[in-house]
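*Asks:* Okay, here's what each chain looks like letter by letter:
Protein chains: 8
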Amino acid sequence: MKLDKGQKLLFIGDSVTDCDRAKPDGEGLFQALGNGYVSIVDAFLQSTYPELQIRVVNKGVSGNTVRDLKKRWEEDVICQQPDWLSIMIGINDVWRQFDSPFIKDHHVYIDEYENTLREIIESARKVTKQLVFLTPFYIEPNSQDPMRIKMDQYGDVIKRLAKEYDAILIDTQQAFQSVFTELYPAAIAWDRIHPNATGHTILAKAFLRAIDFDWTKK
Amino acid sequence: MKLDKGQKLLFIGDSVTDCDRAKPDGEGLFQALGNGYVSIVDAFLQSTYPELQIRVVNKGVSGNTVRDLKKRWEEDVICQQPDWLSIMIGINDVWRQFDSPFIKDHHVYIDEYENTLREIIESARKVTKQLVFLTPFYIEPNSQDPMRIKMDQYGDVIKRLAKEYDAILIDTQQAFQSVFTELYPAAIAWDRIHPNATGHTILAKAFLRAIDFDWTKK
Amino acid sequence: MKLDKGQKLLFIGDSVTDCDRAKPDGEGLFQALGNGYVSIVDAFLQSTYPELQIRVVNKGVSGNTVRDLKKRWEEDVICQQPDWLSIMIGINDVWRQFDSPFIKDHHVYIDEYENTLREIIESARKVTKQLVFLTPFYIEPNSQDPMRIKMDQYGDVIKRLAKEYDAILIDTQQAFQSVFTELYPAAIAWDRIHPNATGHTILAKAFLRAIDFDWTKK
Amino acid sequence: MKLDKGQKLLFIGDSVTDCDRAKPDGEGLFQALGNGYVSIVDAFLQSTYPELQIRVVNKGVSGNTVRDLKKRWEEDVICQQPDWLSIMIGINDVWRQFDSPFIKDHHVYIDEYENTLREIIESARKVTKQLVFLTPFYIEPNSQDPMRIKMDQYGDVIKRLAKEYDAILIDTQQAFQSVFTELYPAAIAWDRIHPNATGHTILAKAFLRAIDFDWTKK
Amino acid sequence: MKLDKGQKLLFIGDSVTDCDRAKPDGEGLFQALGNGYVSIVDAFLQSTYPELQIRVVNKGVSGNTVRDLKKRWEEDVICQQPDWLSIMIGINDVWRQFDSPFIKDHHVYIDEYENTLREIIESARKVTKQLVFLTPFYIEPNSQDPMRIKMDQYGDVIKRLAKEYDAILIDTQQAFQSVFTELYPAAIAWDRIHPNATGHTILAKAFLRAIDFDWTKK
Amino acid sequence: MKLDKGQKLLFIGDSVTDCDRAKPDGEGLFQALGNGYVSIVDAFLQSTYPELQIRVVNKGVSGNTVRDLKKRWEEDVICQQPDWLSIMIGINDVWRQFDSPFIKDHHVYIDEYENTLREIIESARKVTKQLVFLTPFYIEPNSQDPMRIKMDQYGDVIKRLAKEYDAILIDTQQAFQSVFTELYPAAIAWDRIHPNATGHTILAKAFLRAIDFDWTKK
Amino acid sequence: MKLDKGQKLLFIGDSVTDCDRAKPDGEGLFQALGNGYVSIVDAFLQSTYPELQIRVVNKGVSGNTVRDLKKRWEEDVICQQPDWLSIMIGINDVWRQFDSPFIKDHHVYIDEYENTLREIIESARKVTKQLVFLTPFYIEPNSQDPMRIKMDQYGDVIKRLAKEYDAILIDTQQAFQSVFTELYPAAIAWDRIHPNATGHTILAKAFLRAIDFDWTKK
Amino acid sequence: MKLDKGQKLLFIGDSVTDCDRAKPDGEGLFQALGNGYVSIVDAFLQSTYPELQIRVVNKGVSGNTVRDLKKRWEEDVICQQPDWLSIMIGINDVWRQFDSPFIKDHHVYIDEYENTLREIIESARKVTKQLVFLTPFYIEPNSQDPMRIKMDQYGDVIKRLAKEYDAILIDTQQAFQSVFTELYPAAIAWDRIHPNATGHTILAKAFLRAIDFDWTKK
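So the sequence lines, in the order shown, correspond to chains A, B, C, D, E, F, G and H. Numbering-wise (the UniProt record's numbering), the first sequence opens with residue 1 and increments by one. Numbering-wise (the UniProt record's numbering), the second sequence opens with residue 1 and increments by one. Numbering-wise (the UniProt record's numbering), the third sequence opens with residue 1 and increments by one. Numbering-wise (the UniProt record's numbering), the fourth sequence opens with residue 1 and increments by one. Numbering-wise (the UniProt record's numbering), the fifth sequence opens with residue 1 and increments by one. Numbering-wise (the UniProt record's numbering), the sixth sequence opens with residue 1 and increments by one. Numbering-wise (the UniProt record's numbering), the seventh sequence opens with residue 1 and increments by one. Numbering-wise (the UniProt record's numbering), the eighth sequence opens with residue 1 and increments by one.
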């Protein structure tokens with residue numbers, strides 16, 4: 001188990017992270033962490049390692065691209081001083097290029113994506129002890145699908161940056177890949193983006209494995 | 001223009017036909033035809049051929065499979081005595097096999113699909129003058145996608161029955177195909193099933209062409 | 001087809017244009033263009049000419065007169081830098097004179113109407129490539145009706161300005177005229193102003209014809 | 001003043017009578033008489049002739065034609081045993097022929113209108129002391145308007161029946177006519193049917209005059 | 001008839017005047033004058049004297065005392081420049097002394113009442129042609145009731161000021177008195193303050209009589 | 001303390017008893033006893049005599065007269081088999097005579113009131129051990145007020161029946177009388193019927209005194 | 001892993017099982033399994049063993065005691081023909097004795113609890129292949145707490161029956177016990193009954209362990 | 001009775017005090033004092049000592065700790081200039097340490113609790129005549145429960161400060177203790193904090209006893 005006693009673990013991202021979390025705090029009573037993978041990760045941490053006293057905070061905001069993250073980075077990340085910072089961003093950066101192809105202002109192309117990520121990561125690494133990067137994903141098994149190809153390219157940026165910044169990398173696309181032989185995308189997400197409980201559990205399992213969570217611990 | 005003066009044109013189907021139409025009537029004031037392709041077809045008929053006095057009725061019901069159509073066939077089709085009957089069914093028959101793979105009671109396999117269709121068509125042809133069959137569709141350009149393959153098979157049933165029963169056939173899958181070179185599915189339907197205004201217009205244009213609608217008529 | 005690849009087409013007007021569009025943006029996902037003629041025009045453009053990548057924006061606001069347009073012209077038109085600008089205004093300028101006859105502050109008389117139009121058109125022509133003017137209309141076949149007479153006078157201003165500013169002119173009153181022999185106004189608009197789907201389709205067809213839309217293009 | 005002490009005065013009709021009255025009772029506390037002409041008539045009766053103890057009941061139902069009245073006549077009129085019975089019906093019988101021209105099932109043509117009226121009047125006259133007939137109306141000054149012509153024909157039926165059955169006749173069309181020189185229809189009713197407070201006051205004044213209401217009584 | 005062509009008549013007061021009027025304007029379409037005596041007065045003016053083109057504005061606000069009127073006097077009265085100004089205030093000034101006896105901050109005693117009235121009347125008389133004062137009232141027939149006694153004292157202030165400022169005086173208490181022999185207060189207002197339709201009609205009749213409204217005019 | 005261990009105490013009545021109690025049960029979790037005097041009585045019983053395990057049930061229904069009680073007597077009283085039965089009814093029997101004077105069907109005159117009471121009391125005394133009668137009341141200090149006079153007459157019936165049936169009598173009118181020297185009715189009930197918290201506490205104190213509640217018990 | 005391919009696993013119980021599941025079906029799209037331990041179990045099954053095609057159904061109903069289960073047993077269990085049946089009941093049977101001590105009708109004492117359980121288990125074992133019994137629990141670490149003592153007694157019944165009927169036993173009380181050294185009950189359930197996400201995860205982990213779920217399977 | 005004529009009694013605290021009181025005022029018509037112990041105290045004062053004209057104000061705010069009280073002390077206490085000031089705070093200061101153990105920012109430890117209390121009491125004693133301190137409480141009979149132990153420690157601070165500042169002390173924990181022999185906590189508060197009507201009555205009785213309320217006064 002990689003987390004130490006009393007650490008704060010902050011998740012930031014888009015609607016997949018948000019999942020109706022309490023705003024603005026993103027922590028506290030009454031399902032404040034939302035109902036997605038962040039809440040599952042927290043529930044497994046608290047039920048299995050209560051003695052570690054991990055504090056989980058959810059700062060996901062629906063619809064966000066990396067451009068939006070940059071605008072709220074100071075308040076939602078730097079001021080929070082998290083020990084661990086988990087970032088999953090890029091889905092909307094890509095999706096808008098496909099669902100709103102003619103509104104180019106809404107697109108975040110790959111150069112801006114990478115440059116903005118570098119900028120916010122640089123600022124974050126001064127206040128956090130450990131970074132976790134989750135690739136953006138697309139619940140589409142056809143690797144020749146144009147949006148899947150683009151999402152994979154954005155995912156490659158994340159993989160490259162993870163190496164560069166010594167972050168723990170979680171390849172979410174690969175995590176979903178494991179069920180594609182048995183489950184059609186519609187059984188996980190009607191729009192191939194917003195996962196149901198099964199899909200969020202796939203993300204949470206991938207995260208927990210990446211931090212060496214001990215499933216057999218009582 | 002194939003419709004004659006004073007004829008009643010009834011549409012039946014699932015959520016793509018329904019589109020929040022007035023229930024139970026499916027016709028009348030205040031956008032009673034819903035906001036999908038049925039309403040577009042009606043608006044073009046009324047604005048271009050008001051002298052024909054075509055009466056359009058919408059009997060779509062969200063979530064319906066052919067099994068559901070059969071249950072309400074007597075009341076919603078036979079009692080209505082439509083001159084023209086347009087049927088588009090099969091999407092949910094297929095979709096449930098992919099989004100709820102383990103709830104097999106909710107699946108309508110291809111034999112039941114064809115047999116039930118035959119049964120209701122037989123009963124309908126006694127009261128209607130002209131049948132129109134629209135294939136079920138899937139807004140997925142990848143013809144090797146498993147759900148697309150299955151949907152195409154159900155579409156083939158429709159094509160066969162159209163020939164057999166001398167119905168006008170509308171190949172909706174082909175209609176969508178025409179924009180796939182330019183538009184990604186997400187620009188037409190987030191879940192690849194429920195079309196936005198552009199998608200419904202594609203369906204309506206296909207229908208209007210099939211009845212020899214004269215676009216240049218003032 | 002008069003529009004070129006990648007152009008932005010902005011519609012501004014009153015409730016007939018607005019039709020519950022997304023505010024403030026007036027474009028984007030989830031039926032952001034509203035449910036009136038703007039959405040129909042867009043759906044025909046996207047489904048027929050997807051390769052042109054036309055970006056349609058709806059800036060209609062219910063209840064607006066030309067006086068209201070002037071107040072938001074800088075933000076809603078100039079800043080948007082549209083290639084094409086379509087204006088339909090004047091209905092409320094006239095209507096208030098008839099439904100609220102004693103509240104004269106709410107009336108916009110014909111001189112103010114023309115002068116304000118000139119002012120905003122002058123400012124717009126510097127940023128747009130092509131203007132489209134739609135006359136205000138009144139779904140009243142009786143040309144001797146006092147409000148119809150007044151609306152026709154405001155329409156004449158539009159016709160004059162179209163000539164003067166080299167704008168494409170769409171005579172909406174004439175467009176509705178074509179169905180009056182068959183349909184009573186109440187079949188198009190209960191209050192003779194807010195069109196139902198048939199009425200909005202009449203407006204959309206007139207617009208599409210004016211830009212040389214090819215109905216036979218697949 | 002034609003009403004006697006302790007009499008019950010029942011109004012029946014369509015939405016113009018209904019006006020959000022309490023259902024099913026149509027009398028009692030909390031604005032149970034609705035907010036239209038029935039409430040105005042009642043308020044003037046109670047405030048001016050409280051000693052007469054007139055009991056006013058409102059049995060209007062929105063959308064009703066004479067065909068609907070017949071269905072609920074036994075329960076809503078005969079069982080109520082009103083001393084005075086006021087009937088205003090026919091607007092929807094005519095309107096549907098103009099706003100839903102192709103749904104002929106919804107039309108009540110003039111023969112059915114007259115025959116049904118005769119039938120319900122015959123049954124009512126056995127239980128009531130005095131009948132009051134209000135013509136259906138259309139707030140349209142142009143007497144050559146097709147729907148106005150039709151409404152006048154239905155009004156003529158009412159006039160004829162009033163004579164035949166010795167009912168007090170109230171010519172509502174004529175009552176509205178008196179303001180047409182000064183007010184455009186839109187100042188009374190946006191859809192030329194549902195009156196605003198001014199329009200309902202015109203109806204109430206006509207009713208009160210017909211029963212010899214003394215305006216100068218303190 | 002005391003009002004001249006084209007005059008503006010503004011009503012100000014508390015909840016009895018307010019009656020759910022449109023805010024902030026207090027005039028316009030869609031029952032903007034509320035559903036109390038102001039709307040009845042307007043409806044009788046428009047239906048009987050449409051040629052006078054009287055513009056009625058309602059600036060009543062629920063719960064107001066004269067202290068509240070003073071705060072909004074500049075905006076709601078002076079800026080409006082009404083030809084006629086009708087004031088009914090004082091009910092809450094008195095009522096709070098009886099329903100909230102220990103919250104003395106909420107009470108407006110008679111000296112403050114008179115002084116504040118003088119102050120706002122002085123400012124109003126410079127912009128209006130004619131003042132109308134309605135006494136506050138209490139729908140309580142027992143003249144020895146303590147709150148009735150107090151309300152009568154406030155009413156006496158109004159009577160005195162009416163004489164002093166040459167205003168038309170409407171003795172609303174006396175108007176209600178006329179029905180007390182026949183109707184118990186609960187038949188007009190459950191809380192003896194907020195009138196039902198009958199009560200508002202009593203107020204409206206008193207107002208219309210005071211301006212020499214001709215009930216026999218067609 | 002007159003109640004014995006384990007007894008069931010059932011309250012029946014109108015809106016003063018109802019106070020938004022849970023329906024249909026009238027007991028259980030989540031403020032099921034409503035927010036009026038029944039809840040206050042229960043809270044004092046449970047907090048002071050928890051060892052007595054008194055079960056309190058509230059069967060009040062807003063708007064009820066004794067005529068309504070009779071209709072639901074079998075289900076709401078007899079089937080409940082209460083040890084103690086507390087009845088407060090008559091306010092609406094009287095009130096309707098004053099607020100709806102012309103709707104005589106809604107009035108319950110004093111003979112029907114007494115006879116119906118006798119009938120239901122006779123049936124109840126077979127299943128209950130002790131009856132408690134609360135007089136109906138009117139929060140009006142003026143004993144010459146016509147509705148107060150009538151309410152006192154109905155109260156006299158209750159007093160007579162209490163003696164006759166050996167019931168505990170609670171003179172609610174007298175209970176309110178005690179505060180009239182200091183508090184105006186509006187400080188207890190805006191409509192002189194529905195008490196605020198102070199008024200309900202007056203009722204509860206009177207009830208608790210009548211059952212010899214020991215206020216000094218810890 | 002004890003479940004076989006294609007088996008149906010049905011959960012029945014009270015609010016801890018229900019968790020806002022879809023009614024009446026308890027399975028299907030859109031989070032139909034609710035948001036409690038049933039959904040977590042399902043999500044882990046589907047994401048880890050998709051090839052097993054397990055069908056999970058949730059038939060929990062809030063507030064239920066074993067008495068309520070019996071009433072709906074035929075419809076909700078027997079007709080469903082589940083291969084696996086998981087039962088968790090008894091919390092409300094006990095709780096009502098403590099939160100509603102004087103409403104003894106709502107209590108289900110231990111004899112009725114055991115007898116009813118035997119009855120429904122007998123009927124279920126004929127249609128299911130495997131039973132799973134979860135003890136009722138109380139998130140209260142103090143084993144001398146009176147309600148905890150009682151809940152433990154009901155839990156003992158479950159343990160005994162599990163042995164007798166060869167059911168898989170899950171000791172939920174013990175599962176919660178494991179976190180009590182670190183977490184106070186309020187961190188898992190404000191009312192010590194309804195678990196938050198952490199509490200439901202404790203239940204789900206216990207269930208998954210009991211069926212030999214392989215956490216390391218990819 | 002310790003309160004004198006015309007005094008203002010202000011209550012401040014957390015959700016137990018708040019109970020849905022009117023905001024921001026905390027006094028006035030329509031149950032402005034909320035539905036907890038403050039309202040009960042007020043109702044007993046007004047119904048028993050109306051001649052004292054006590055003005056009760058409720059300034060409780062749900063979720064508050066002493067840290068929150070300090071922020072609003074100037075506005076909600078000092079500006080109000082109460083003669084009597086009743087403070088009950090500390091429940092959330094303790095509770096957050098147990099229900100959100102890892103969010104340490106939300107905890108108010110005992111030193112900060114005492115110091116902040118001293119600070120606000122010092123400032124309040126300059127404007128008030130009499131202070132009343134209620135200990136925070138926990139409806140948990142087990143005195144060895146960790147949260148009960150902590151709450152008792154915070155209660156001891158209150159007891160000490162009461163002595164030091166000459167405040168009337170109300171030991172709420174002891175007040176609840178008296179019913180624990182008969183009632184389980186769940187019968188008073190599901191979450192052992194928010195009392196039902198019985199629990200609020202226990203608090204109100206304790207308060208009224210502390211001010212020498214005379215229960216026998218009529």
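Think of the hints as simulated: they come from the structure by calculation, not from any bench. Each hint should be verified, as a subset may be incorrect.
To spell it out: a stretch of chain D is covered by chain E in this simulated footprint if at least three of its residues, at any positions, have a beta carbon under 8 Å from a beta carbon of chain E; those stretches are [said to hold, decoys possible]:
no., stretch
1, 40-47
2, 192-200
3, 205-217
Cβ atoms here follow ideal geometry from the backbone N, Cα and C, with glycine treated the same way.
*Asks:* Sort out which numbered hints this structure fails and list those numbers smallest first.
*Replies:* none
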